[in-house]
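Since the structure of chain A is already known, use the hints to place chain B on it.
Protein sequence lines correspond, in order, to chains A and B. Using the numbering used here, the first residue of the first sequence is number 1, and each one after it goes up by one. Using the numbering used here, the first residue of the second sequence is number 1, and each one after it goes up by one.
I should point out that these hints are in silico values taken from the structure, not numbers from a laboratory. Possibly wrong hints are sitting among the right ones.
[Stated by the list, open to error] Per label pair, the in silico range of CB-to-CB distance: (1) GLU50(A) <-> GLY224(B): 21 to 31 Å; (2) SER69(B) <-> LEU43(A): 22 to 32 Å; (3) GLN208(B) <-> GLY234(A): 45 to 55 Å; (4) GLY234(A) <-> GLY312(B): 40 to 50 Å; (5) THR46(A) <-> ALA243(B): 37 to 47 Å; (6) ILE46(B) <-> ILE261(A): 31 to 41 Å; (7) GLY269(B) <-> GLY234(A): 33 to 43 Å; (8) PRO189(A) <-> PRO156(B): 29 to 39 Å; (9) LEU165(B) <-> ALA14(A): 16 to 26 Å; (10) ARG174(B) <-> ARG133(A): 45 to 55 Å; (11) GLU50(A) <-> LEU165(B): 19 to 29 Å; (12) ALA260(A) <-> LEU165(B): 30 to 40 Å; (13) HIS88(B) <-> PRO52(A): 54 to 64 Å; (14) LEU165(B) <-> GLN68(A): 39 to 49 Å.
[Claimed, not checked] Here are some of the chain A residues that sit facing chain B, going by a computed Cβ distance under 7 Å: (15) PHE61; (16) PRO65; (17) ALA115.
[Claimed, not checked] Derived list of chain B stretches under chain A, where covered just means 3 residues or more per stretch with a C-beta under 8 Å from a C-beta of chain A: (18) 94-102; (19) 111-120; (20) 149-157; (21) 268-282; (22) 289-300.
What you are looking at is a predicted structure, and each value in this text was computed from that prediction instead of being measured. Heads up, the beta-carbon is just placed ideally off N, CA and C, and yes, glycines get one too.
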Amino acid sequence: MRTSTPARAGQYTALLAYLVFLAFPFLWLLSTAFKPPRELGSLHPTWIPEDPTLANFRQAFDEQPLLQAALNSLLAALAAAVIAVLIATPMAYVVARRRTRLAKAVTGWVVVSQAFPFVLLIIPLFLVLKNLRLINSVPGLVLVYVVWALPFALWMLAGYVRAVPPELEEAAAVDGAGRLRTLVSVTAPLLAPGIVATALFAFITAWNEFFFALVLLKTPEKQTLPVVLTHFIGAEGVADLGPLAAAAFLATLPSLVVFAIIQRRITGGMLTGAVKS
Amino acid sequence: MTTATEASPPSPPSPPRRRAGRGTGGRRPRQAADHGAWFLVLPALIPILVLSVGPLLYGILLAFTDAQSGRTAPTQWIGALNFRDLLHDTLFWESFRIGLVWAVGVTVPQFLLALGLALLLNQDLRLRWLARALAIIPWAMPEVVVGIMWRLVYNPDAGILNETLRDIGLGGGRDWLSGLATALPAVILVGVWAGMPQTTVALLAGLQNTPRELHEAAAVDGAGPWRRFRTVTWPALKPIALAITALNLIWNFNSFALVYVLTSGGPGGRTRLPMLFAYEEAFRYGQFGYAAAMGCVMVAVISIALAVFLAGRLKGGDDA
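Bound-form chain A, shown alone (with noise of 0.2 Å):
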């Protein structure tokens, strides 16, 4: 509009601060990732590697099993995201439909599932999983994962359910379709984009999770990515930097690229969720 020249100016330093604000640690972990020994242990480090080397991932994968930690953590958080949607849903319809006394606790436990400092709940679950030898198993862990996105899967689903005017639903009805029909052709379409949505943001939080994998997984071939990656940290917080970028930055590029994509998605679905709550 009519913003003066010295305000812009004063906005665009702004901008460029918080900018670098939020790349430098990560160009950082990238320069590290592809520094030679030499260099990582120059006492004057450079942003730019000298003579950038893919050593360090190499040595990442002889050092620790990060292929096969790759390989648990993605069945970890694709199982856990498959069933947490899939059991989700059909709740989350009932939840966003109907204001009945269930429809009210369910948001209540929500709420109240936010607040929860998770040692409460690990420490029976320790003993639980335990008595059913289900105790370093990535199985064990699945199950673990799916009641913990159960909450906000609910919550994102609901509001793209409300984003579903009942009114189609209706009309369907009107027209003779039964209601598991109108379920599966008017609405289950409509809600598809939101359920994946779901599901991949789902998976992002399983993929990134590490308390409940550190206290549940114990021998490194079955233990999730975050997990094998603070090995790389020694006892006494040594560590060999080179590999050490070089692995957390691959652990996280799924992530990312995930994240890119459903990025617009999520934060409409929960706020969507919170708005109409």
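Only chain B this time, still in chain A's reference frame:
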């Protein structure tokens, strides 16, 4: 209504539909549907009850026992003994205090920075897309990676922070994460960085819900930027701002992974958040009962804080 006709292609749109949609809400063919509702709810309800509500109650019970890992003697009911011990556990209360400092120390600057960025991104600026793209990075990164990345930044010898400080003449390097005085501020900075995008996006969405005409009307009336912010922007933003701040405080108070990777609670417990303390108690020393009691205290405090906050918010809502 155009979307309505597009979405149900098999039958052509006809006027009766619209009437059916509006007026006859009570007449829907849903007598039997209430059984259907249970059928739809059960697949999620059972895991919630079995794996969330159940363990929760079990966890509260455990707080009143002497449960330990790897012990052969049976677990005994010991009443409130854990809580009495906890009351005198100065280390726990110290971690509680650190948790509060951390939660407020992260949430407040993060909110202010995010508000600034959201306001900027709501303007017609050229590098907006870049800021949005970059804001994804901290959000999408695993917390463990964020921790690792900042360890690289803070590294006393090979890190960029000390090198930059040397370059601009601010003296020699420091080991930020292991200095008694610097460790907590150093991890707080990482917390601010890591959570800023979410807060920014939430606030930005709030800003975009504010009607533009209001701004223009205020501008025509001669209101300056600050006045426009106070009278138009802030009132519209307030509900989202309060909600996100409450959530951030709680999430931060309960956080674990970031600080676990950065300092493991060190040096000398200076960054030992309550969750780290409870984790060590439970899974390093095997004191399940005692750690569960800590969890109970944390829940109680959070619940009270949340109740007070919500009460205040409702009151504020009446005024508005």
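We went through each hint and held it up to the structure:
no. : hint                                : verdict
1   : GLU50(A) <-> GLY224(B): 21 to 31 Å  : 51 Å, violated
2   : SER69(B) <-> LEU43(A): 22 to 32 Å   : 46 Å, violated
3   : GLN208(B) <-> GLY234(A): 45 to 55 Å : 47 Å, holds
4   : GLY234(A) <-> GLY312(B): 40 to 50 Å : 47 Å, holds
5   : THR46(A) <-> ALA243(B): 37 to 47 Å  : 44 Å, holds
6   : ILE46(B) <-> ILE261(A): 31 to 41 Å  : 32 Å, holds
7   : GLY269(B) <-> GLY234(A): 33 to 43 Å : 21 Å, violated
8   : PRO189(A) <-> PRO156(B): 29 to 39 Å : 57 Å, violated
9   : LEU165(B) <-> ALA14(A): 16 to 26 Å  : 23 Å, holds
10  : ARG174(B) <-> ARG133(A): 45 to 55 Å : 48 Å, holds
11  : GLU50(A) <-> LEU165(B): 19 to 29 Å  : 22 Å, holds
12  : ALA260(A) <-> LEU165(B): 30 to 40 Å : 33 Å, holds
13  : HIS88(B) <-> PRO52(A): 54 to 64 Å   : 57 Å, holds
14  : LEU165(B) <-> GLN68(A): 39 to 49 Å  : 40 Å, holds
15  : PHE61                               : 17 Å, violated
16  : PRO65                               : 16 Å, violated
17  : ALA115                              : 5 Å, holds
18  : 94-102                              : violated (count 0)
19  : 111-120                             : holds (count 4)
20  : 149-157                             : holds (count 7)
21  : 268-282                             : holds (count 5)
22  : 289-300                             : holds (count 7)
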